[in-house]
Amino acid sequence: MANDQSATQDHSYDAIVIGTGITGGWAAKELTEKGLKTLVLDRGRDVKHGDYPTATKDIWEFPYAGRATDEDMKRQAIAARSGYAITQASKHWFVDDTEHPYTEIHRFDWIRGYHVGGRSIMWGRQSYRWSDLDFSANAKDGIAVDWPVRYAELAPWYDHVENFIGVSGRAEGLAQLPDGKFLPPMDLNCVETHLQQTMAEKFKRKLTIGRVAHLTAPLAHSPQRGTCQYRNLCIRGCPYGAYFSSNSSTLPAAEATGNMTLRPNSIVYELVYDDSTRRATGVRVIDTETNEHLEFTAKVIFLCASTFGSAHVMLNSVSKRFPNGFGNDSGELGCNIMDHHLDVGAGALVEGYTDQYYTGRRPNGFYIPRYRNLGGEKRDYIRGFGYQGGAGRLGWTRLMLDKSLGADLKEKAATPGPWYIRMGAFGEILPNHANRVTLDKTRKDKWGLPLLAFDAQLRDNEWKMRKDMSNDAAEMLAAAGFREVKTYDRAIGVGLGIHEMGTARMGKDPKTSVLNKWNQVHACPNVYVTDGSFMVSSACQNPSLTYMAFTARAVDHAVSELKRGNV
Amino acid sequence: MSDNNLMNRREVLQRVAMLMGGAISAPAALAILNGCSPKPGASWQPLFLSKEEGAMIEDVAELIVPRTTTPGARDVGVPAFIDVILKDAYPSEDQARFISGLRDFDAEAQRVHGKPFLQLPQTQRVSFLQQVHDAAAAAEKVQADKEVPAGERNRPFILMMKELTLLGFFTSQVGATQVLQYVAVPGGFQACIPIAQAGNGKQWATETSLRF
Numbered sequence: 001m002a003n004d005q006s007a008t009q010d011h012s013y014d015a016i017v018i019g020t021g022i023t024g025g026w027a028a029k030e031l032t033e034k035g036l037k038t039l040v041l042d043r044g045r046d047v048k049h050g051d052y053p054t055a056t057k058d059i060w061e062f063p064y065a066g067r068a069t070d071e072d073m074k075r076q077a078i079a080a081r082s083g084y085a086i087t088q089a090s091k092h093w094f095v096d097d098t099e100h101p102y103t104e105i106h107r108f109d110w111i112r113g114y115h116v117g118g119r120s121i122m123w124g125r126q127s128y129r130w131s132d133l134d135f136s137a138n139a140k141d142g143i144a145v146d147w148p149v150r151y152a153e154l155a156p157w158y159d160h161v162e163n164f165i166g167v168s169g170r171a172e173g174l175a176q177l178p179d180g181k182f183l184p185p186m187d188l189n190c191v192e193t194h195l196q197q198t199m200a201e202k203f204k205r206k207l208t209i210g211r212v213a214h215l216t217a218p219l220a221h222s223p224q225r226g227t228c229q230y231r232n233l234c235i236r237g238c239p240y241g242a243y244f245s246s247n248s249s250t251l252p253a254a255e256a257t258g259n260m261t262l263r264p265n266s267i268v269y270e271l272v273y274d275d276s277t278r279r280a281t282g283v284r285v286i287d288t289e290t291n292e293h294l295e296f297t298a299k300v301i302f303l304c305a306s307t308f309g310s311a312h313v314m315l316n317s318v319s320k321r322f323p324n325g326f327g328n329d330s331g332e333l334g335c336n337i338m339d340h341h342l343d344v345g346a347g348a349l350v351e352g353y354t355d356q357y358y359t360g361r362r363p364n365g366f367y368i369p370r371y372r373n374l375g376g377e378k379r380d381y382i383r384g385f386g387y388q389g390g391a392g393r394l395g396w397t398r399l400m401l402d403k404s405l406g407a408d409l410k411e412k413a414a415t416p417g418p419w420y421i422r423m424g425a426f427g428e429i430l431p432n433h434a435n436r437v438t439l440d441k442t443r444k445d446k447w448g449l450p451l452l453a454f455d456a457q458l459r460d461n462e463w464k465m466r467k468d469m470s471n472d473a474a475e476m477l478a479a480a481g482f483r484e485v486k487t488y489d490r491a492i493g494v495g496l497g498i499h500e501m502g503t504a505r506m507g508k509d510p511k512t513s514v515l516n517k518w519n520q521v522h523a524c525p526n527v528y529v530t531d532g533s534f535m536v537s538s539a540c541q542n543p544s545l546t547y548m549a550f551t552a553r554a555v556d557h558a559v560s561e562l563k564r565g566n567v
Numbered sequence: 001m002s003d004n005n006l007m008n009r010r011e012v013l014q015r016v017a018m019l020m021g022g023a024i025s026a027p028a029a030l031a032i033l034n035g036c037s038p039k040p041g042a043s044w045q046p047l048f049l050s051k052e053e054g055a056m057i058e059d060v061a062e063l064i065v066p067r068t069t070t071p072g073a074r075d076v077g078v079p080a081f082i083d084v085i086l087k088d089a090y091p092s093e094d095q096a097r098f099i100s101g102l103r104d105f106d107a108e109a110q111r112v113h114g115k116p117f118l119q120l121p122q123t124q125r126v127s128f129l130q131q132v133h134d135a136a137a138a139a140e141k142v143q144a145d146k147e148v149p150a151g152e153r154n155r156p157f158i159l160m161m162k163e164l165t166l167l168g169f170f171t172s173q174v175g176a177t178q179v180l181q182y183v184a185v186p187g188g189f190q191a192c193i194p195i196a197q198a199g200n201g202k203q204w205a206t207e208t209s210l211r212f
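Those protein sequences? They're chains L and Z, same order as listed. Just so you know, we're using my numbering here: the first sequence kicks off at 1 and counts up by one. Just so you know, we're using my numbering here: the second sequence kicks off at 1 and counts up by one.
Hint data in this document are derived by calculation from the structure and do not stem from the laboratory. Every residue gets a Cβ at the ideal spot worked out from N, C-alpha and C, and that includes glycine. Keep in mind that the hints are not guaranteed to be accurate.
If you only want the chain L side, here are some residues facing chain Z, beta carbon under 10 Å, derived [claimed, not checked]:
#: 1; residue: 83
#: 2; residue: 173
#: 3; residue: 186
#: 4; residue: 359
The following block holds chain L by itself, in its conformation from the complex:
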């Protein structure tokens, strides 16, 4: 780099990365591998790979059979809305909501993990590419702003990310869900294959095995990571490193370069802007262990603090130049909150296949790629949804309302129950300026920082789509000959998809967007924002893979701009 001495001074670096989740880990790896002395900050405690306290416990080693206590449910009431996060095996990865409050104008589900690695430890690992159907959607529909990027530009970065993290999946040749660089796919079971066949015959729709960031074969470049052991206890952290997390993958790679300084327990609350150079000079930090306020400087800053974490830092970074929040000339900062709406679908009992069973616990299910509003079809809503689901044999919990008691009950419990199949939809949420987050200056957290206030809700397009999301599931299950098909559609808050995005969208025009096509703040080119906040539309695919691809691309851009002296 131009100035290698910078890193030798205590608080001065080539680059600062804020956050260590999916995108912060990637920014750290790419920056350090390109030779930049990089300070990596996380607001939470350090977690080294392998430091997963519950990972190898058997269920009987937990109190309360693993269930949350009444106290847990009070302290982690928001995370508990997920329905799965708060158990004795996983609660330590989710914040104490009483210590990290926020304001909900409408119900809003903000589910967080404050520790090194962030939610890359607890993520769902489903990894799908976007296509030009998604990147051109806003332009075609004339809503929000156009994506400044198309698939061809991003494809090599998807390759780059998939090659490094390892994604297991099957190539299907679909235009709306481009194939990637896949490790061997996991298998569908016989009931899932049955559904796959009837869907192809009766609906001309695809069903494929989920594409997941799990190693189904070793990766030569990451010998610290092993292959999937089919325990399906991923949410606890994987001691084998079999699924991708920052802790198992990108942070060790960054560490190995010798260029990373990782500083946990560091809350970034402000970006420092210098009027004379029209650049950010660094960040202000609260050390949560000492309560000290510190300042760190760098030539380039990567904001990867999660969508609302980054929105908070930017909204809180006011200066003469940016009175309404950092880089907020457009007034779009904090607006256009998107997520995927879910908890809607159908389940059914399956006749037959009673002589078939499985071994191992597959941490994955099937995926039904989007098929609505394709090929000229026009529903009464725009965009679409995909399904994730799975089939398995029901266990002893099916006997809850069964009449058997005593020895009879015990014997039934030991016999595999009937097959049951279920699928739930993930639907696109449209960008809407009115779905927004602001600073609630009337309330402060324990460090004196203003809280976030969320004002977002599902709107007409999503409600119309939801009807298809449950009806289509029921129709496909019934067409496969399954019985007792039941739909479900539960009340959710925006955020429950844990795919939040959109609050600092990219675009061609600085008047209507916060970032340019390289994830650079239009008005301050040495600040890059690469977590979900840059997203311009939400598509219906799980977004993490796309965040990673954009992050790697943004680092490549930043480093070449640094070399050219443009940043």
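Chain L is fixed; fit chain Z onto it per the hints.
Okay, now just chain Z, sitting in the frame of chain L:
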């Protein structure tokens, strides 16, 4: 087994997992390391329930999952499990419903059979339990058909007892490994095979700590 040993075993497992990187078969390593778990005491002192209430739930739990050729609810410590989970994992209104339901259950036994539940002979306890259970299950079926989530059904005493007995028993080491079958680290996945080739063909024990 002491906490210290438990910790050592966990550390060993973590280290094995880290070292192997999944390249060799984990089940073999685990088979050596497995085989010890907290052992429930034969006698227990209720912390939440009264002694009389404790005796009642012990009997009811054993009627729901009795000792057969394999151990039953009492053998694996389900009564103490229920006492503690009631104390720590239920809000006060659920605790109150459980206790008053337990008293009503006993009063109803007295009314129908002229004696408190625990003084009835085995056959009468079994038939009375079945009667109360079936009525409650039929009532809850109406809610289940309307897709009311299990956690919101305000289960009466008898169904809370059934839920917690099943939960405590099948997540115990004995329940999971002797009545069901369990492999901590499968090491591979076979999606569909003849049932006789899926281990010993019994139901797999998988984690089920959420509401059902």
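Hint check:
The restraint placing residue 83 of chain L at the interface with chain Z holds, with a minimum CB-CB distance near 7 Å, inside the 10 Å limit. Interface restraint check for residue 173 of chain L: the shortest CB-CB distance to chain Z comes to about 23 Å, outside 10 Å, so the restraint is violated. Annotation: interface hint on residue 186 of chain L holds; nearest CB of chain Z at approximately 6 Å, less than 10 Å. Because the smallest distance between the Cβ of residue 359 of chain L and any Cβ of chain Z comes to about 5 Å, under 10 Å, the interface hint for this residue holds.
In summary, the one numbered hint that this structure violates is 2.
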